[in-house]
Amino acid sequence: MSGASVAGGVEPRRPKVTEVEQHGIDTIPDQDRASGPFDLFRIQFGGANTFATIILGTFPVLLGLSLWQAVGATVAGVVVGALILMPMGLFGPKTGTNNAVSSGAHFGVRGRVLGSFLSLLTAIAFYSISVWVSGDALAGALKRLFDVPNNDAVRGVIYALLGALVIVVVVYGYQFMLLINKVVVTANTVLILLGIVAYASVFDFGYDPGPDSYALGTFWPTFVLSALIVMGNPISFGAFLGDWSRYIPRDTPVPKLLGATFSAQLATLIPFLFGVGTATIVAGEADYIFALVQVSPLWYTLLLVVVAFLGGMSTGVTSLYGTGLDFSSVFPRLSRVQASLFIGVLAFVFILVGRLAFDLIDSVNAFIGAIVICTTPWMVIMAIGYFVRRGYYSPQDVQVFNQGRIGGIYWFSAGVNWRGMAAWLPAAVIGLLFANYPPLIEGPFRNSAGGVDISLPVTLGLAAAIYLLLLFLVPEPRYVFGPEGPRLVPARDGGQPPPVTDDPRASTSRQRRRSEPITEVAHD
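According to the numbering used here, the sequence shown is numbered sequentially starting from 59.
Keep in mind that the hints are not guaranteed to be accurate.
To be verified - Taking CB as the label site, the calculated pair distances span:
#, residue 1, residue 2, range
1, Pro484, Pro87, 34 to 42 Å
2, Pro562, Leu483, 23 to 31 Å
3, Leu531, Gly264, 55 to 63 Å
4, Gly130, Leu237, 33 to 41 Å
Simulated from the structure, these hints should not be mistaken for laboratory data.
Note that CB positions come from ideal geometry on N, CA and C, so glycine has one too.
Take the sequences, apply the hints, and build the full model.
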């Protein structure tokens, strides 16, 4: 067992893989927290050790970079993205719930719905990418091995089968998802590394299409765009880390949690660099996946089928699980299973429309851009909030909205902490104005730095500056900081949190979903 014992020496119980998960976004009891940092590593790496990540790794080459320029952009994107992502694994053990619900401590218990919609955007994008690319790889392999027609009808059937299998795993829940990712961590790593043998005779270490190939005209704008696309992968985990870390004991050391996330993202360089390297082999081909299958040795074509299938399952499950989990609280008439089915069907429609009616590369580019620009300011506000609060959270009070109640220490103004909202909104909007993810996202200020996309530093810097400024100018009430008080920021004295009562406008189904009564927490 990778988890630690709970207080009192009682060993946490790990459910069977075939048990349907009973927990929604309610607080995970200590006795059910049977995971540890290594499980957090395996879910992240397993969820990214797939064809979905491989396809993102091809973008630097598709945008015109040489092999080594593409490697540099990929490493930069992974490292910077991992550093931004690291703190997002800290909330689950403290609150026992997912990151969207935990964000209620900084955005208000109603304002935390922002995190739910960010996770929906991310889930649809990466669920779709995983089914797209895995399905295309399987279709290409069937064409080569059995001469099955490679047309839209065949691909649609494969997409449907993969999508349905993902939903089955999501319905069973966390333990089944953990098992899938354990397999993918080892199996896909071995299979991807075998690609070194498979493509050794056709690989060119000196691949360089020349400066005329840069998609944005010159080197630096193209390099930065490539790094930002790669960065979308680690950033995409920001809304979801709490889905898995909530099963980790609350007293787990912070360095172990940070290390698990950073090392998992570094490990994703394996599929990323596989994408970079193989993209140079089939450069110029219209369909990367189909072309790669055709130039592969026959023995490796069979292995690519395994990589595609396992990868599609892994990425799809890690994307869809958290969103179904969270939307069962936003829409209280839906259970976790029903919400997962609803989001799965919605994402499948997007897959058919986006893959069969639009350009895959343009669709991926636009979604990655929106995820990076809209999610990173939310993440930096959460990280700053964690730091100034010294990691203090009341698990009971973050659940108020989910239980159809009002009040508590995170009620702020009608359930919204406008400090967080006032920092996120301008940061995201202005970031989009500077963004350059052609052809679908091209902000009016995209050329303000000589064509280099500076949307990330703009959105991160604005979010941090505005949030910190508001924390100093309009301090938060002292009771949200816990017994030790705030770190480096002032607090407002006086007043007590509004009492927790039933919300008369809430549905009875939400009120029935209370995991435990709200109790008074200690305040200074």
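Subject >> Non-conforming hints, listed in increasing numerical order >> reply: none
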